[in-house]
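Colleague: Listed in order, the protein sequences are those of chains U and L. If you read the first sequence in my numbering, its first letter stands for residue -1, the second for the next number, and so on. If you read the second sequence in my numbering, its first letter stands for residue -1, the second for the next number, and so on.
Worth double-checking, as some hints may not be accurate.
What the hints assert, rightly or not - Straight line, CA to CA, 27 Å or less: simulated BS3-like cross-link-like pairs of lysine-lysine:
| hint | chain 1 | residue 1 | chain 2 | residue 2 |
| --- | --- | --- | --- | --- |
| 1 | U | Lys314 | U | Lys268 |
| 2 | L | Lys252 | L | Lys320 |
| 3 | L | Lys252 | L | Lys314 |
| 4 | L | Lys47 | U | Lys92 |
| 5 | L | Lys47 | L | Lys92 |
| 6 | U | Lys61 | L | Lys268 |
| 7 | L | Lys61 | U | Lys184 |
| 8 | U | Lys280 | U | Lys268 |
| 9 | L | Lys280 | L | Lys360 |
| 10 | U | Lys360 | U | Lys310 |
| 11 | L | Lys47 | U | Lys125 |
| 12 | L | Lys252 | L | Lys268 |
To be verified - Have a look at the derived ranges for each label pair, beta carbon to beta carbon:
| hint | chain 1 | residue 1 | chain 2 | residue 2 | range |
| --- | --- | --- | --- | --- | --- |
| 13 | L | Asp322 | U | Gly183 | 47 to 55 Å |
| 14 | U | Asn229 | L | Thr271 | 53 to 61 Å |
| 15 | U | Asn229 | L | Gln159 | 47 to 55 Å |
| 16 | L | Asp317 | U | Asn229 | 55 to 63 Å |
Said to hold, decoys possible - Stretch-level coverage of chain L by chain U, calculated; a stretch enters the list once three of its residues show a Cβ under 8 Å from a Cβ in chain U:
| hint | segment |
| --- | --- |
| 17 | 108 to 116 |
| 18 | 145 to 153 |
| 19 | 169 to 177 |
Hints in this document: simulated from the structure, not taken from any laboratory. The C-beta atom is built at its ideal place from N, Cα and C for all residues, glycine as well.
Protein chains: 2
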Amino acid sequence: MHSTENMAARSLRAAILAGVMLASVLGMSSAAAQELRDIRPSDSPLVLKSRGSFFVGGEQVEKTAIELGSLGPDDRITINQMYVEYMVPEGAAKASVVMVHGATLSGKTYDTTPDGRMGWYEYFVRKSHPVYVVDQIGRARSGFDQSAFNNVRAGLTLPDQQPNLLRLADRFGSWTNFRIGPQPGKAFPETQFPVEAADKLSKQSVPDLLGASRAQNPNWKALSDLALHLNGAVLLTHSQSGPYPLESAIINAKGIRGIVMVEPGTCNAKAHTDDEIAILAKTPMFILFGDYLSSPTGLPGPSWEERFNDCKALKKRIDAAKGDMRLLATAEAGIRGNSHMMMMDRNNLQIADLILAWIDEKVDR
Amino acid sequence: MHSTENMAARSLRAAILAGVMLASVLGMSSAAAQELRDIRPSDSPLVLKSRGSFFVGGEQVEKTAIELGSLGPDDRITINQMYVEYMVPEGAAKASVVMVHGATLSGKTYDTTPDGRMGWYEYFVRKSHPVYVVDQIGRARSGFDQSAFNNVRAGLTLPDQQPNLLRLADRFGSWTNFRIGPQPGKAFPETQFPVEAADKLSKQSVPDLLGASRAQNPNWKALSDLALHLNGAVLLTHSQSGPYPLESAIINAKGIRGIVMVEPGTCNAKAHTDDEIAILAKTPMFILFGDYLSSPTGLPGPSWEERFNDCKALKKRIDAAKGDMRLLATAEAGIRGNSHMMMMDRNNLQIADLILAWIDEKVDR
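Sequences and hints are given; from them, build the entire structure.
Modeller: Following this line, the structure appears as structure tokens:
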């Protein structure tokens, strides 16, 4: 079990970390048509056995008319459900992969890149994996519980009791924190991020209830449940959601066939008990970082190098428990220029191939 | 390229695999798995020329650190962008269709139904239409401007200046207002709504900034722009978004090849000038209502019958201006039992066929 102190420290660390958003060197991006016009057509058709969307979990709760927005009488809504969209490729399928985005973003993270190239969602499907992309509970199509906001509006609770709505922004949230460049508007010479589309990354940002106090992040159990319902899945997470699969596995590891953490905001190396580490050591894990880890983030909180070192410390504990964890900074493997948003970088399919090869070896074989 | 033979073999394989998948899915017994377990496999593969997502519009605005959620310094974000996901079928395409959801919902409205059947999004694609599904600006993956909330939280503005976050709820918002039944929990004997999945409709609801004052709804121009960027599209809207295409056409009708309004919340019959009516009369329009229009909504505001009559009044003005508007209540056409959410009703594909036939006749011919 996690102590209250651990939870609080974890929430704070998580709040400081994740990242989201955008950049814009280009100033006024003129034609609004750019976004559509940028889309690059596929070379070959995509053949799907099935596709669609559904929800995981959710609790029915009673709300007052004020909490609901004062349209009608007191009534019941559902909260804490997780939206999931999926594509299953035609033909024999490899392991299912669940993709989870970072702070103040949505499942859009894994779809078409800001400059119009194929994202990991479609690419993994084309590589024979059924893929399930979620919106984290607390934002986007998963929604959030608006009650606390409407109660403040009505004067029933005090403003300082209202949850914080986090939004990461262009210059510091993206350019420096996402390591597109050493300072806002200035890219690293070797950056793989499609710098000309940085202002389109900005559009992917949504308000995020990260700051709302909650005893346990409801995404942890939802992901554990989803993996179970899929009869086994690899959880692939990013940034804020990076450490979620660790918690999901501690709740119930049965459905979790593998864990891929892309630039996790934290590895919580010291937060877990030895018993928890013993559980985690049973699932193969792959943690992937990009380049320029020591570059200043421009935000409070740890550097990406410190986060990488935290994951090193976790690997040490997992190794000691005879687990199977791979930790890689792409620059160490001779791949230069990757940002925090490597699913959008120009070499995003090269990075995907690293992950696909690992899944082939550790899960599908 | 795939030969026809390959495609046929593939279809057969898909049908067999689908059966296997269904059997395996039905084997699961966890109650929480319902949402996934309900999904009905496709009879044949879906072959897409392309798919993906992008944004329309958006403005870059400067925000204070407090407005951003106090993680970093003052910075810039993008607001008022519209998220769009799309699928383009392989083969010769008919008219593009843009689908827009109603209040406190998202683009999920048009995807897999609450009881796991194919939604209009995929069905229209299978009927050779490229389809573009949006999240309205102000919710879901399009996000919203969180500044006013964070300023209230910080004590910089008064609580009553905070926007209202509307949420439609189960008993009155759905059962009576959506005309599943005459009172909460009691279905009409002939209802087409999948009553056993009513609780899953509840999960689609997200907070909606409807109550925020704005001089002009930013969705109007975004839809006009999107139709233009697509080099022509039919705008298909529902409920709250029902009347949006009228405003989009008045802004710029050039890209709007047809308008389909499914149970519009209003037709604003008296709101438009004669000059505006003359503009609207140039675009073919189809307005569709369901059954039980006089049943009490359980909420303040007009009944659905009054809304239908408002659309009748608009049709009178459009007819007088020599326009082409069809107005149909499905019950009048001998189709009984349709609710407000007819894209989710059991006969949702029958209703879709009515719309597809109209598009064939008025737009594609």
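Colleague: Does each hint fit the structure? Answer for all of them.
Modeller: We went through each hint and held it up to the structure:
1. A hinted pair counts as satisfied when its Cα atoms are at most 27 Å apart, and Lys314 of chain U with Lys268 of chain U qualifies at roughly 11 Å.
2. In summary, the hint linking Lys252 of chain L to Lys320 of chain L is supported, as the alpha carbons are separated by about 19 Å, within the 27 Å threshold.
3. With a CA separation close to 24 Å, the supplied pair Lys252 of chain L and Lys314 of chain L stays within the 27 Å bound.
4. Between Lys47 of chain L and Lys92 of chain U the alpha-carbon distance is near 23 Å, which keeps this suggested pair within the 27 Å criterion.
5. This hinted pair checks out: Lys47 of chain L and Lys92 of chain L have alpha carbons roughly 13 Å apart, not beyond 27 Å.
6. Between the alpha carbons of Lys61 of chain U and Lys268 of chain L the distance comes to roughly 36 Å, so the proposed pair goes past 27 Å and is violated.
7. The straight-line distance between the Cα atoms of Lys61 of chain L and Lys184 of chain U is roughly 21 Å, inside the 27 Å bound, and the hint therefore holds.
8. With a C-alpha separation of about 18 Å, the suggested pair Lys280 of chain U and Lys268 of chain U falls inside the 27 Å cut-off, and the hint holds.
9. For the given pair, Lys280 of chain L sits about 12 Å from Lys360 of chain L by alpha-carbon distance, which is consistent with the 27 Å threshold.
10. Proximity of Lys360 of chain U to Lys310 of chain U is assessed by CA-CA distance (about 20 Å); at most 27 Å being required, the pair is judged to hold.
11. At roughly 17 Å between alpha-carbon atoms, Lys47 of chain L and Lys125 of chain U fall within 27 Å of each other, so this suggested pair holds.
12. Among the hinted pairs, Lys252 of chain L with Lys268 of chain L is consistent with the structure: their alpha-carbon atoms are about 24 Å apart, no more than 27 Å.
13. Range check, Asp322 of chain L to Gly183 of chain U: Cβ separation about 52 Å, and the 47 to 55 Å hint holds.
14. At roughly 60 Å, the beta-carbon separation of Asn229 of chain U and Thr271 of chain L lies within the given 53 to 61 Å, and the hint holds.
15. Between Asn229 of chain U and Gln159 of chain L the beta carbon distance is about 50 Å. The supplied range of 47 to 55 Å therefore holds.
16. Between Asp317 of chain L and Asn229 of chain U the CB atoms are about 57 Å apart, so this pair conforms to the stated range of 55 to 63 Å.
17. With 4 residues bearing a CB less than 8 Å from a CB of chain U, the segment 108 to 116 of chain L meets the requirement of three and the coverage assertion stands.
18. Given as covered by chain U, the segment 145 to 153 of chain L passes the check, having 6 residues with a CB less than 8 Å from a CB of that chain where 3 are the minimum.
19. Judged by the Cβ-Cβ criterion of 8 Å, the segment 169 to 177 of chain L is covered by chain U as claimed, because 4 of its residues qualify and three suffice.
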